[in-house]
Each structure stands twice: as structure tokens, then as C-alpha cells.
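**Student:** From just these sequences and the hints, can you work out the full model?
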Amino acid sequence: MAPTSPNTDRVSFESISEKMSRDRGELLAVIARSDGGIETGELRREVGVPSGSMHYHMEALRDWNLIEIVGEGEGNGSIPPKVYDATERGMEFLDRPTARTIPSAEEIDELHQRVEELSEQVENQRNQIVELIHLLDKRLEGSIVEDIHSGTGGDR
115 MAPTSPNTDR VSFESISEKM SRDRGELLAV IARSDGGIET GELRREVGVP SGSMHYHMEA
175 LRDWNLIEIV GEGEGNGSIP PKVYDATERG MEFLDRPTAR TIPSAEEIDE LHQRVEELSE
235 QVENQRNQIV ELIHLLDKRL EGSIVEDIHS GTGGDR
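So for the sequence shown, our numbering puts the first residue at 115; every next one is plus one.
Cβ-Cβ distance ranges computed for the label pairs, FRET-style: (1) GLU234 to PRO194: 43 to 51 Å; (2) TYR170 to HIS226: 21 to 29 Å; (3) LEU254 to GLU132: 53 to 61 Å; (4) GLN242 to ARG159: 37 to 45 Å; (5) GLU132 to GLU237: 36 to 44 Å; (6) PRO164 to VAL229: 17 to 25 Å; (7) TYR170 to GLU221: 22 to 30 Å; (8) MET205 to HIS226: 25 to 33 Å; (9) ASN241 to SER192: 54 to 62 Å; (10) SER165 to LEU250: 54 to 62 Å; (11) HIS226 to SER135: 14 to 22 Å.
Below, a list of computed lysine to aspartate or glutamate pairs in the EDC-like style, where the Cα atoms sit at most 20 Å apart: (12) LYS196 to GLU153; (13) LYS196 to GLU156; (14) LYS133 to GLU173; (15) LYS196 to ASP137.
The hints are simulated quantities; they were obtained by calculation from the structure and are not laboratory data. Virtual Cβ for every residue (Gly too), placed ideally from N, Cα, C.
**Tutor:** Rendered as C-alpha cells:
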């Protein structure tokens, strides 16, 4: 981790938190969990950020001195992929007790799955209630018919 720059350290963590999107937060968290750095392609695959917005997010994190380029990976093209690691400032940002909790892609997927399960349960319960209402309607109609035949006229 490189030493922090005085110019970028002037941006407060509070200000960064206000501008920290879910994608940026997840990128920072994945970079911080990496052991000695992570290549751009692997980072993009793990977080699921579109390649078109990756540069934009990485530049913001670098401008805030939360991450740094620590090397180059082995790429197939003419431009080797960059390897990023978290700076001390980036680790401090993540370690703050007041840091906003940013869910991971896995947590978001789990939440979506849970919402789908709950939606299915609600639909099943709705169908059961509709069935019970129909059964009650049939029973009530049947008892009214019986009352008419017995001469009580359905008064209850």
C-alpha cells in the first residue's frame, strides 16, 4: 500500500460516502479482500460492473486515494490489465464503524431469491384464501337452500 497523498486526503470520508455508489463500494471491498492486488478483468467479473463504467468507478476510487495501481497483469491484448490494491486510506475507509454497509453482489442475489420465494408463498396463500372463500360461499348457498326447503326462509 502506497503512502497517502495530501491532496486526495483532503476529501473527507463523509464526502466520499455521499458519492460512493453500490458498484464503487463493492469494487473497493473486493480489492481490499484481494491478496496483493486484483486484475481489472477478474475484478469486473467478480463484481459484475459493465466494462463501460469500470474506468469511471476506478478513477473515482483512485482520485479519493482509496485504491492504487500496483502492477500490470498478463493480458492477451496489446494493453496489459492493471492490477489494483487498496491503499491505507481505502482500508481506513472500509474499517470505519460509521461506514455505510454496501451489500455484495452475492448478498443482493440472495435478497432477490428471498423476495421471489416470499412472493411465491404470498401467491400460494392468496390462492388458498380464494379457495376457502369459494368453499364458504358454496356452504352458505347450500344452507340457505336447506333453510328454504325447511320453511325457515333463510333468516338467521
